[in-house]
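Student: Produce the complete structure using the sequences and hints provided.
Just so you know, we're using this note's numbering here: the sequence shown kicks off at 75 and counts up by one.
Wrong hints could be hidden among the right ones.
[Unchecked claim] BS3-like mimics (lysine-lysine), calculated; alpha carbons at most 27 Å apart, straight line: (1) K116 - K166; (2) K126 - K166; (3) K126 - K116; (4) K166 - K132.
[To be verified] Ranges of calculated distance between the beta carbons of each label pair, as one might list FRET restraints: (5) K116 - T145: 17 to 23 Å; (6) R191 - R214: 42 to 48 Å; (7) V152 - K116: 34 to 40 Å; (8) S99 - E119: 18 to 24 Å; (9) D111 - K151: 25 to 31 Å; (10) A187 - T135: 25 to 31 Å; (11) T186 - R224: 41 to 47 Å.
Hints in this document: simulated from the structure, not taken from any laboratory.
Quick reminder that beta carbons are idealized off the backbone N, C-alpha and C, glycines included.
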Amino acid sequence: MRTLLLGSLAVAVLSTGCAAMRGASARDSYLQSQIVDQPIAKPVEQVWPALKAALFSKGVTVGEIDDNFFTLKTLPKVDSGSANQLHYYDAKAQRLDANSCRIQVIYVTEATATDGRKSRIDSRDWQFELEVLKSVDPARAEAIEAEGQRRYDSAYNEK
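Tutor: Structural data, given as structure tokens:
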């Protein structure tokens, strides 16, 4: 009886974990596709200051900025847990037309191994881009997040 109870408990825990992972994957895939692949229906002159403000709110220091070309690179910060890792943001906005633009925020990690080899990982920070979208087009961001939650719930509840 005890073995049966423990076995049932293990199956319940594992299936809940798998369901949560399915849900998170469905939600994140949808959110990422909407943020990365879809333009923002606002002029770049409105979006660019919001992107910069969002970056500054993270406490970063500007390394290079060009407001004419809508590019910004922050100064590298040393990872608090590892003296051999640096992190910085490389952000840009692109005017598509008078009333729409696209943004791209890359989170860069550079590491130096003990033998001196260097590596670099560039990751599109779509979660940060979603935060920018929330500040310039809250209704669209809310709709995207609601659909993402619906997809999470659907994937979580499928058998």
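Student: Work down the list of hints and note, for each, if the structure agrees.
Tutor: Verification of the hints:
no. : hint                    : result
1   : K116 - K166             : holds (15 Å)
2   : K126 - K166             : holds (10 Å)
3   : K126 - K116             : holds (16 Å)
4   : K166 - K132             : holds (17 Å)
5   : K116 - T145: 17 to 23 Å : holds (18 Å)
6   : R191 - R214: 42 to 48 Å : holds (43 Å)
7   : V152 - K116: 34 to 40 Å : holds (35 Å)
8   : S99 - E119: 18 to 24 Å  : violated (36 Å)
9   : D111 - K151: 25 to 31 Å : holds (29 Å)
10  : A187 - T135: 25 to 31 Å : holds (26 Å)
11  : T186 - R224: 41 to 47 Å : holds (44 Å)
Hint compliance for this structure: hint 8 is the single one not met.
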